[in-house]
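Undergrad: With chain A's structure known, arrange chain B on it following the hints.
The residues making up each chain are set out below.
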Amino acid sequence: MEEYEVVIIGAGPAGLAAGLYAARGRRRTLLIEKHITGGQIALTSAIENYPGIGEINGFDLGQAMQQQAERAGMETVYTAVSEIVPADDGFILRTEEGDYAAKAVIVTAGAAYNHLNIPDEERLTGFGVSYCGTCDAAFFKDQEVAVVGGGDAALDEGLFVARYASKVTVIHRRDTLRASAILQERAFANPTMAFRWNTVVTSIDGESQVESLRLQDLETKEESDFPVGGVFIFIGQTPSTAFLEGLVDLDEAGHILVNEWMETSKPGIFAAGDIRSNSARQVVSAAGDGATAAIRADHYITDHYS
Amino acid sequence: MAKPNEVSDATWQDSVLDADKPVLVDFWAPWCGPCRMVAPIVEELADEYDGKVEFRKLNTDDNPNTAIKYGIRSIPTLLVFKGGEPVGSIIGFRPKSDLKKRLDAALE
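Chains as they are written, first to last, in this note's numbering: chain A, 239 to 544; chain B, 165 to 272.
Rather than coming from a laboratory, the hints here were simulated on the basis of the structure. Small disclaimer: the values here were computed from a predicted structure and weren't measured. Be aware that one or more of the hints could be misleading.
[Stated by the list, open to error] To be clear about the criterion: a stretch of chain A counts as covered by chain B if any three or more of its residues have a C-beta under 8 Å from a C-beta of chain B, and this derived list gives those stretches: (1) 269 to 275; (2) 284 to 297; (3) 373 to 386.
[Said to hold, decoys possible] Away from chain A, derived, C-beta distances all over 10 Å, residues of chain B: (4) Ala166; (5) Trp176; (6) Asp182; (7) Asn227; (8) Ile239; (9) Gly247; (10) Lys264.
Even for Gly, the Cβ is constructed at its ideal location relative to N, Cα and C.
One chain only, chain A, in its complex shape (with noise of 0.2 Å):
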């Protein structure tokens, strides 16, 4: 069993500066992801927010965090945790490449976008349903889409798609938005940019490819159809706290509870980024939290181990 003093599980920002934190503080650090490096960014067209960086592709950013990480000794491995174990001296972390001994975890493994859980949406993702506007976007070109969502990947990457379909209708179930001023500023000066309020999608219909939603007003009960090439799908997310069940105090939505520290109910186990509760769900407070959680974990270390 390959043993190492911080072990981080997941590889978005949080993980990532988490990773160089802990390998610049010399300890042998390990990130663990199931994925894809950067997490969510790694699917974001253009990340404007961070400071000192104008404007970058996230997945550029993730990447560039990935690698500053690497050249200060911190090792990659991809593949999914499904277990943490408590040991005698750490941890025990079980994964389909074997299991992996941690002094320290700090797990940094964020959020999923939700599904709208509707019929014909699985078997029609890839095929019009999509979770990823910049991965998609060009092959809707000229066609008329949806969004389905009100927050700021709905209309950060209902903008994205913009570029490329002809018309894009923005679906919320709520008659405002939720997303950032400066988003909502953008989408409606968009000409591309449509809205529909009050309104979920109960069904996704199509033989081979997307064809056309059904659609609910909240307010009448009405059902109507609405033809689109494609439906693009940002309805908020779920931690992805499931394989830690039990071993740390969670809160109602499943978040992981922390301290000002990002220390968590167990002692040697400390998370950051979106999977905490009261996360701002930003890059930049992600990084942070990574930075503290790997500042504190190393204290943790040294006070236990040495």
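TA: Okay, now just chain B, sitting in the frame of chain A:
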């Protein structure tokens, strides 16, 4: 070392449909971040399946006709062809172990 060769709309018939061996085609575009994560994994697979499977990559920006013909609406998409027919598809970024499982299943 086996590396995926670029295929285009023009060379599609010869290079993919008329190939003697099964062919895996990586549909990608330069602006697609996840495609850049998949590319090095596909290169490793090309090495591991050398002699058993041919590996190709198709730039969907430069070759829209083939992408449209196969209903590609999301990239990265990997399609596996046997005897000119698509027998498997993998949509979106997947870890290597998952790609191998799905490729093996398509080859059976």
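Undergrad: I'd like to know which numbered hints this structure contradicts. Please list them from smallest to largest.
TA: 8
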